Amino acid sequence: MRDDFDYFPAPSKVNLFLRITGRREDGYHSLQTVFRMLDFTDLVGIRLIPENVIRRVSQHPWTDTEDLAVRAARLLAKHGSVKQGVELHIAKRIPFGGGLGGGSSDAATVLVVLNKFWGLNLKRGELQNLAVSLGADVPFFVYGQSAFAEGIGEQIVPLKLPDGWYLVVHPNCFVSTQTVFDDPELTRNSKPIKIADFSLHEGQNDLQEAVCRLYPEVLSALEWLGQFGTAAMSGSGSSVFCSFTTLERAKAAQAQIPPRWFGFVARGMDRHPLVDWTDD
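Quick note, in the numbering used here, the sequence shown goes up one by one and the last residue is 300.
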């Protein structure tokens with residue numbers, strides 16, 4: 021991290037279940053999912069500058085048109101007719117391409133913080149509407165609470181979840197979300213469920229079968245983690261996770277992770293650390 025930036029948390033997430041309930045005319049898939057934030061975070065550094073330019077100064081593998089954090093800042097600046105520039109420095113911890121929402125969370129933190137720094141004072145719903153164009157997970161992170169989400173992630177209802185610890189394993193392979201959603205054998209017509217029934221479907225992920233077929237290392241990680249409880253894949257992968265009732269049990273399992281994989285233990289969070297930065 022750099023001393024000349026202010027840093028703000030961008031939590032990771034897991035999907036406690038994920039169902040694909042159809043395909044829309046615009047090509048996007050309709051989903052149902054439960055989002056759970058974890059206290060394993062990136063740190064998003066933000067520094068206002070006098071020049072009318074928005075740039076990221078930390079190393080990353082994307083162009084500016086692909087970088088969600090830069091896109092979020094530019095989107096908000098355009099919406100609010102802001103001429104003041106900003107530099108972003110992101111200290112990454114959340115794995116790339118892991119289904120843990122790292123890039124989306126970074127973008128949401130940028131929206132929330134710059135909304136305040138630039139004095140725009142947009143309401144939470146307005147920020148969520150902007151966030152939809154950045155990806156299905158971004159509106160959830162702006163919303164800032166555990167939630168049941170539908171549509172393309174924009175229909176969000178708060179959900180109270182029990183305390184829990186999670187062991188997350190990233191099998192060091194990158195999953196292409198586009199490849200998975202284009203798979204001809206992907207389940208696309210699961211019957212929608214009601215919020216009250218979500219616990220009956222916890223652990224279900226309609227993307228998991230296709231991912232395991234296309235990326236066998238994800239299947240290996242699921243099978244290994246399954247010895248400790250119900251293992252599931254988050255989002256479109258490649259990360260898999262298992263819940264534990266105590267930190268000690270989660271840490272004991274973490275100590276046994278094969279050396280070729282990366283893993284971490286995190287606690288579930290019902291509220292984003294920045295949730296009070298935006299008014300409803």
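No lab work stands behind these hints, which were simulated from the structure alone.
Hints may be right or wrong, so weigh each one.
Here are the simulated lysine to aspartate or glutamate pairs, DMTMM-like style, with alpha carbons at most 25 Å apart [stated by the list, open to error]:
1) LYS211 / GLU45
2) LYS143 / ASP290
3) LYS112 / ASP226
4) LYS271 / ASP299
5) LYS211 / GLU222
6) LYS136 / ASP296
7) LYS103 / GLU146
8) LYS211 / GLU229
9) LYS211 / GLU170
10) LYS112 / ASP59
11) LYS112 / GLU237
12) LYS271 / ASP290
13) LYS136 / ASP300
14) LYS98 / GLU174
15) LYS143 / ASP183
16) LYS180 / GLU268
17) LYS211 / ASP46
18) LYS214 / GLU86
19) LYS136 / GLU237
20) LYS136 / ASP26
21) LYS180 / GLU237
22) LYS98 / ASP299
23) LYS112 / ASP217
24) LYS180 / ASP299
25) LYS112 / ASP23
26) LYS180 / GLU170
27) LYS98 / ASP300
28) LYS214 / GLU237
29) LYS180 / ASP300
30) LYS143 / ASP300
31) LYS271 / ASP296
32) LYS214 / ASP226
33) LYS180 / ASP26
34) LYS214 / GLU174
Small disclaimer: the values here were computed from a predicted structure and weren't measured.
Just to be careful, I want the Cα atoms of LYS180 and ASP300 compared with a cutoff of 25 Å; is the pair within it? Within the cut-off at roughly 18 Å; holds.
Is it true that the CA of LYS98 sits at most 25 Å from the CA of GLU174? Given that 25 Å is the threshold and the Cα spacing comes to 21 Å, the pair holds.
LYS98 and ASP300: Cα distance at most 25 Å? holds (22 Å)
For the pair we were handed, LYS211 and GLU229, check the Cα-Cα distance against 25 Å. holds (17 Å)
Checking one constraint from the list: CA of LYS136 to CA of ASP26, max 25 Å. Satisfied? holds (13 Å)
LYS180 and GLU170: Cα distance at most 25 Å? holds (17 Å)
Below or equal to 25 Å on CA atoms is what counts here, so check LYS112 against ASP226. violated (28 Å)
Is the straight-line distance between the alpha-carbon of LYS211 and that of GLU170 25 Å or less? Given that 25 Å is the threshold and the Cα spacing comes to 13 Å, the pair holds.
Satisfaction of hint between ASP26 and LYS180, Cα-Cα up to 25 Å: violated (31 Å)
Hint check: LYS112 vs GLU237, CA-CA at most 25 Å. Holds or violated? holds (23 Å)
Agreement of LYS180 and GLU268 with the hint, judged by alpha carbon distance not exceeding 25 Å: holds (24 Å)
Can the restraint linking LYS136 and GLU237 be considered satisfied, given a maximum Cα separation of 25 Å? violated (42 Å)
The earlier numbered hints that this structure contradicts are 3, 4, 15, 18, 19, 21, 23, 28, 31, 33.
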